[in-house]
Structure formats: C-alpha cells, structure tokens
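K.L.:
Each chain, letter by letter, is given below.
Protein chains: 2
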Amino acid sequence: MAQYSKVAPTPLLKDELDIVIPTIRNLDFLEMWRPFFQQYHLIIVQDGDPSKVIKVPEGFDYELYNRNDINRILGPKASCISFKDSACRCFGYMVSKKKYIFTIDDDCFVAKDPSGKDINALEQHIKNLLSPSTPFFFNTLYDPYREGADFVRGYPFSLREGVPTAVSHGLWLNIPDYDAPTQLVKPRERNTRFVDAVLTIPKGTLFPMCGMNLAFDRELIGPAMYFGLMGDGQPIGRYDDMWAGWCMKVICDHLGLGVKTGLPYIWHSKASNPFVNLKKEYKGIYWQEELIPFFQSATLPKDCTTVQGCYLELSKQVKAKLGKVDEYFVKLADAMVTWVEAWDELNPVEGKAVEANKVVAK
Amino acid sequence: MAQYSKVAPTPLLKDELDIVIPTIRNLDFLEMWRPFFQQYHLIIVQDGDPSKVIKVPEGFDYELYNRNDINRILGPKASCISFKDSACRCFGYMVSKKKYIFTIDDDCFVAKDPSGKDINALEQHIKNLLSPSTPFFFNTLYDPYREGADFVRGYPFSLREGVPTAVSHGLWLNIPDYDAPTQLVKPRERNTRFVDAVLTIPKGTLFPMCGMNLAFDRELIGPAMYFGLMGDGQPIGRYDDMWAGWCMKVICDHLGLGVKTGLPYIWHSKASNPFVNLKKEYKGIYWQEELIPFFQSATLPKDCTTVQGCYLELSKQVKAKLGKVDEYFVKLADAMVTWVEAWDELNPVEGKAVEANKVVAK
Chain A
1 MAQYSKVAPT PLLKDELDIV IPTIRNLDFL EMWRPFFQQY HLIIVQDGDP SKVIKVPEGF
61 DYELYNRNDI NRILGPKASC ISFKDSACRC FGYMVSKKKY IFTIDDDCFV AKDPSGKDIN
121 ALEQHIKNLL SPSTPFFFNT LYDPYREGAD FVRGYPFSLR EGVPTAVSHG LWLNIPDYDA
181 PTQLVKPRER NTRFVDAVLT IPKGTLFPMC GMNLAFDREL IGPAMYFGLM GDGQPIGRYD
241 DMWAGWCMKV ICDHLGLGVK TGLPYIWHSK ASNPFVNLKK EYKGIYWQEE LIPFFQSATL
301 PKDCTTVQGC YLELSKQVKA KLGKVDEYFV KLADAMVTWV EAWDELNPVE GKAVEANKVV
361 AK
Chain B
363 MAQYSKVAPT PLLKDELDIV IPTIRNLDFL EMWRPFFQQY HLIIVQDGDP SKVIKVPEGF
423 DYELYNRNDI NRILGPKASC ISFKDSACRC FGYMVSKKKY IFTIDDDCFV AKDPSGKDIN
483 ALEQHIKNLL SPSTPFFFNT LYDPYREGAD FVRGYPFSLR EGVPTAVSHG LWLNIPDYDA
543 PTQLVKPRER NTRFVDAVLT IPKGTLFPMC GMNLAFDREL IGPAMYFGLM GDGQPIGRYD
603 DMWAGWCMKV ICDHLGLGVK TGLPYIWHSK ASNPFVNLKK EYKGIYWQEE LIPFFQSATL
663 PKDCTTVQGC YLELSKQVKA KLGKVDEYFV KLADAMVTWV EAWDELNPVE GKAVEANKVV
723 AK
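Residue numbers (my numbering), protein chains in the order written: chain A, 1 to 362; chain B, 363 to 724.
For the record, the hints were derived by calculation from the structure and aren't laboratory data.
Owing to the predicted nature of the structure, the values given are computational and were not obtained by experimental measurement.
Watch out, some of these pointers could steer you wrong.
Quick list of in silico lysine-lysine cross-link-like pairs, DSSO-like style, CA-CA up to 30 Å [unchecked claim]:
hint: 1; chain 1: B; residue 1: Lys641; chain 2: B; residue 2: Lys414
hint: 2; chain 1: A; residue 1: Lys302; chain 2: B; residue 2: Lys664
hint: 3; chain 1: A; residue 1: Lys321; chain 2: B; residue 2: Lys664
hint: 4; chain 1: B; residue 1: Lys548; chain 2: B; residue 2: Lys642
hint: 5; chain 1: A; residue 1: Lys112; chain 2: B; residue 2: Lys479
hint: 6; chain 1: B; residue 1: Lys642; chain 2: B; residue 2: Lys686
hint: 7; chain 1: B; residue 1: Lys439; chain 2: B; residue 2: Lys479
hint: 8; chain 1: B; residue 1: Lys479; chain 2: A; residue 2: Lys117
hint: 9; chain 1: B; residue 1: Lys489; chain 2: A; residue 2: Lys186
hint: 10; chain 1: A; residue 1: Lys99; chain 2: A; residue 2: Lys302
hint: 11; chain 1: A; residue 1: Lys97; chain 2: A; residue 2: Lys321
hint: 12; chain 1: B; residue 1: Lys548; chain 2: A; residue 2: Lys127
hint: 13; chain 1: A; residue 1: Lys97; chain 2: A; residue 2: Lys14
hint: 14; chain 1: B; residue 1: Lys459; chain 2: B; residue 2: Lys439
hint: 15; chain 1: A; residue 1: Lys117; chain 2: A; residue 2: Lys127
hint: 16; chain 1: A; residue 1: Lys127; chain 2: A; residue 2: Lys98
hint: 17; chain 1: B; residue 1: Lys664; chain 2: A; residue 2: Lys112
hint: 18; chain 1: A; residue 1: Lys117; chain 2: B; residue 2: Lys474
hint: 19; chain 1: A; residue 1: Lys316; chain 2: A; residue 2: Lys77
hint: 20; chain 1: A; residue 1: Lys302; chain 2: B; residue 2: Lys460
hint: 21; chain 1: B; residue 1: Lys664; chain 2: B; residue 2: Lys686
Some chain B residues judged to face chain A by a derived CB distance under 8 Å, without partners named [as the list claims (entries may be wrong)]:
hint: 22; residue: Phe500
hint: 23; residue: Tyr507
hint: 24; residue: Gly510
hint: 25; residue: Gly516
hint: 26; residue: Leu535
hint: 27; residue: Asp541
hint: 28; residue: Leu546
hint: 29; residue: Lys548
hint: 30; residue: Pro549
hint: 31; residue: Val557
hint: 32; residue: Ala559
hint: 33; residue: Ile563
hint: 34; residue: Phe569
hint: 35; residue: Pro570
hint: 36; residue: Arg600
hint: 37; residue: Ile647
All C-beta atoms, glycine included, are put in the ideal place defined by N, C-alpha and C.
Produce the complete structure using the sequences and hints provided.
P.N.:
Spelled out as structure tokens, the structure:
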C-alpha cells in the first residue's frame, strides 16, 4: 500500500459513500481508478447470467449482487429491478447503507484536465454534493461557492445561502453520450472540450441525466433514483437514467433541493453499437415527446413532504396521464410503487427496523 | 489601413451592427480593439458635462451624442434617459438603425484565451446571436450548435431546432462584476477562470445581466433594453443593466426568444470604488429582494405579441405592484412608457416614417 501513499488523496467521506458499478464483465477498469477508489466500498451489481464469475482486481473492498441475489433479497418485489440493462444499478442504491452514492460505468476511465493531471472525479462529486446549489437564480460566474468565484452584482442576498445539493451530474470526455440517431450521423465526433464549470440546473428546468458518472445524496433523494423498467422483457432501453433524472428533478424542485451538472469529467472509452441502441431507443425517442411536457407540467401537492411521498404521487400521475400513451407506463407506474416499497423494506426508519429486517432475508 | 489587413478578421455583419459605448473620457481604449472594431460603426453616448470634448482615436467611424444632443433629439421625452450613469447608453440603442447592437464599457480590454490568443469578443457575440437558443430543456454539453458538440441522449428531437437568440451576455476576466459589499469583502479577488462555454439561460430563470459586454438583436428585443432611471437625481445607480435584464428576460420568455450567457470574455481592467458603489447600490440591494419575486411571477397576457406591447404591459405591473415598494417605481414605470414612445418615434414602422421623422428634429 505504501506505493500509493504519495498519490492517494485524502479520501473524503470514506465511510459515508458507496461506489455502485453495474457490469457484465471483469472489472479491470478499476485498476486505473485504484488511487481514487481503493479506500471506498464498492457495490457491484452483476447484470445478465448469474453463473458467470466477475473478477474484481485485488485490494478492493466490495460486495457483489447477481440476479439470484436480487431475487432472494427482494422476493416478488425483484420485478421492479431491470435485467439485461444497466438500469439494474439502482438495486445498489437500495442496498447501500451509506449517505452518498457515486455510480460509474465500467467503460469509464480517468480523464485528464487541460494541465495533464488525472482528474479525481469522485473528489469533485463530493465537493459538489457538500456545497449548496442555487436553483432560484442563475449566477453568471457559475458555482459561486468555488474558490475564486462568488455571487455577481444583482444576485439577491437572500438567495446566497443556497439549498442542499441532492445530485451531482458529471460529464464525459472522448465519446459523448449521444442517442443512436446522432451516433449514426456523427460516428466520429469526440468531445474534446473541457468546460471548467459546475452549475446548478435552475428550478423548473429539466435536463438529460446520464447515469455514467453520477453522484447523489441517498438520504436526500435516494428513493427517487429509480432507473425504471428497461431491457429484458421491456419495450425500451437506454432511458433508465433519463427517467430517473426527470422524476428526480421534479421532486427536487418541489422539495427545494439542488441538482448540479458540469465537472467532473471521466474518459468514456467506447461508443456502444448505434444499431443496437436504435432498437432499444426508438420507442423512447417518440414517447419522450410526450414525457417531457408531462414532467414539465407535473406539480406535486404541498402535503408531499418526503421523497417517498412525492414519488408515489408521481407514480399516480404517470399511470393516469402516461398510461394513455402506452400500456408500458401503467406497468412502470406499478413498478415505481414496488420500488418504494422495496426501498422502505431495506431502509426502515428507526423503530420499524427489527420488523423490516426480517423481510430482508439477507 | 494595409497594416491591419493581415490581422483583421472578416467583419461579420459589418453593415448590420452598431457598437454602443457610454463614456465620460477619451476613448483610448479603442486602440486595443482596433483590429476588431475599426470596420464597424460606433455610437458614442457621452455622459456628464456636454462641453467636454471626448477624443476618439483616428480611423474609427462614429457618431457621438452628448446630453445636449439627447435633449434636442428627444425633447421632453429625454427625461427617460439617465444622466451621470452609464444607463445613458440605451440612448444609443434607440438612435441606431441597425439590426444588431454590441455595447461595451470603456474600461474593458481585449482578453486572451488559454492559448494566449486575443479573443475577438464581437465575433463570438455575433456567433451567439446568429445561432439558435435552447430555453426549454438544458443540454448538458452546453451549446449544441457549436462545432464538436450536439444534443445529448434524452434531448427531445422536437426541441432541437431551438428558438431565435435575442441576447448574448458576455463575461469578464480579471475584475469580476461584484456588488459593493462583495467588493469590500473581497477586494483582491480576480476572475482567472476561463470557462469555455456558451449556454442558454432556461425559460423561467432570471439572471443578473451586466451591460459591460453585451450584444443583442435590436429588431427582436430592442424596445425592452431600457436601462431605467439611474444616477443624477435618482435614488439608485448600478441597477440599470439588471433592470433591463429582468424586464428583457420576462419578455423573451413570453415571446419564445433565447438569451445566452458565457463566451466571450473581455478583460475588465479596473474595479470601481466600492464606497461610491455602496452609496449607489444600497437601495437597490434591498429593493431587489422584492423585485426578483415580482419578475419571477410576472406573466404577460397572450395578446401581448410585440416587444412594445409586452413592455407597456410590464410597466403597468411595475406601477401597480412595485409602486407600493417605493414611489421611485411609479416614476420608473412612467419612464418605461416614455422610453417606448421615444423608441417608436425614432424607429417608425413603415408608412408612419415621414410623420415620425418630423418629430425627430435631428
């Protein structure tokens, strides 16, 4: 270990953060992340064939769940966890006992900043989560809490304390996160622009949340980070993170929580197959034209004061309004309810702890 | 002129753009901008003592207005143009006959990008204005129309054409645009961070628009770019651009027009005196706590389909609602009406041209 002592940064929130990784292969990509991840606990969610053995490089502290584990732990409620889709990662959010989650894809590597230095993505996410957000008014010099920046002239003083940050959305150098049509049209486009900014997504504004490089405060927003029904047996894929992002944003706006995007960058190494992606996405591409207006106009009643309460209310609205778009959304709305029930079983509030633990035959 | 032929860039929109500069001193700062500005027409609005002679470096094509000119051209309506405050610059917007305006302060110089190259701020503003904005949904890779970027996965296809861009708000390296309290607390803070991004301010989100480095499409939004009553005889200063920005943003949101912020940077050379600024700002600092909720909740009726119509409606709401905050806003609301009347006199719609030109005894 001594060999890392020089480069390993102080591991912020070491005992309060889990790293969730969905995968179908050996996790060799962790070698490159060793200086940054090794002191944290990993939750690996194995997708696909549970009989396959996933190799994890030595020295990492981890727990691994395959489909059999998910079925055993959740019982009939396992139906809400997707199979053969990286949406399965949200199972990891549910079984974590930590306050913070960082999730990353296994084709994402350490990026370099313009000075050539390795970017400690996790450290930047933690900084983002630990400093407030400013969703009510836009600051033109971006993150006002960052060293060397502040609120500019004309920024109301009453809004300068900000609000707690629930989500930190990081970006990608090299392969951008494009949909299949854009991949097909621009197969060679690479993201080479390093934008040195973190900003709060304003209240009332939706964005496409990508699950590749994402961190959040589980206590603040965890039960809303459900990645939906995707992949095996479902009519769509590749909308898992988008779905979570839209639901999460509506709820954060309602509860007065902040969502940031920008730094940190990771290096996204390989584009997925655009033809396969098109097959997964095509229903999503046209459904999304109805989903966005739905989420843009969704409002939650004042008496929804918990994430779970908001999420259940949203599931009702999904069923009532999006159920008309396609039968799939009725099933998805039911799965949203199942997800919250499963979350509450695995994450009992104090007093109910003993009873709930019985259900989880871990 | 031959000496500049090598460095002068192609002057985009040469005959369709005026550069408006408010000033109280000789315009030596133009020397540094010569390669970028010399082929454009300048409108100089001289503030303060009209008997003072402002020297403009040779070779620039300009018209200059002092207070006597403003009084002569606008007659009694000149009361809407501020005196002893850079808010007077909006007179230049009014007398221009061009489609686009770029306005810059005389303490702003050419900044360098991270590679050490001089930044052609005007060219970047023009690019911002000529490409669409995306106010209805946030794109995480920022400006999707920029070379090397696009809309990311999950961005609705129906929104990818964007909307026309009305305003391009540029930023400042070196001296940041801080209010007096922040200047006092952080006298040595300098902005050294070059953020390589242009982004659309989402619909429904307000921001602090700074007039130091600003461009806009006069035909799309000109009559809303009124910089209010500031300076001599008024209870506040340094809120001219903020006022314009809030009014403009509400109207752009209503009319489906876009507002961008980010690149280009200029080099802001010197901080104004924080003690003087505090005197100018202090009423604004507490009034703004009521102004922001007012503008955040302001809605315009559907039958307001022109900028003038929207602006007059907004002036009524200012009088009715902000008039209760202070008598000043009653006066300001009246000045907003005068401004629009003066604008329409100087910028007659076709057919009314002859009659209106009589009024302007130029």
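K.L.:
Decide, hint by hint, whether the structure agrees.
P.N.:
How the hints compare with the structure:
no. : hint                   : result
1   : B/Lys641 with B/Lys414 : holds, 26 Å
2   : A/Lys302 with B/Lys664 : holds, 29 Å
3   : A/Lys321 with B/Lys664 : holds, 27 Å
4   : B/Lys548 with B/Lys642 : holds, 19 Å
5   : A/Lys112 with B/Lys479 : holds, 23 Å
6   : B/Lys642 with B/Lys686 : holds, 21 Å
7   : B/Lys439 with B/Lys479 : violated, 45 Å
8   : B/Lys479 with A/Lys117 : holds, 23 Å
9   : B/Lys489 with A/Lys186 : holds, 22 Å
10  : A/Lys99 with A/Lys302  : holds, 26 Å
11  : A/Lys97 with A/Lys321  : violated, 34 Å
12  : B/Lys548 with A/Lys127 : holds, 22 Å
13  : A/Lys97 with A/Lys14   : holds, 13 Å
14  : B/Lys459 with B/Lys439 : holds, 19 Å
15  : A/Lys117 with A/Lys127 : holds, 18 Å
16  : A/Lys127 with A/Lys98  : holds, 17 Å
17  : B/Lys664 with A/Lys112 : violated, 50 Å
18  : A/Lys117 with B/Lys474 : holds, 23 Å
19  : A/Lys316 with A/Lys77  : holds, 18 Å
20  : A/Lys302 with B/Lys460 : violated, 50 Å
21  : B/Lys664 with B/Lys686 : holds, 26 Å
22  : Phe500                 : holds, 4 Å
23  : Tyr507                 : violated, 13 Å
24  : Gly510                 : holds, 6 Å
25  : Gly516                 : holds, 3 Å
26  : Leu535                 : violated, 11 Å
27  : Asp541                 : holds, 4 Å
28  : Leu546                 : violated, 12 Å
29  : Lys548                 : holds, 7 Å
30  : Pro549                 : violated, 12 Å
31  : Val557                 : holds, 5 Å
32  : Ala559                 : holds, 5 Å
33  : Ile563                 : holds, 6 Å
34  : Phe569                 : holds, 4 Å
35  : Pro570                 : holds, 3 Å
36  : Arg600                 : holds, 7 Å
37  : Ile647                 : holds, 7 Å
Against the hints set out earlier in the document, violations occur for numbers 7, 11, 17, 20, 23, 26, 28 and 30.
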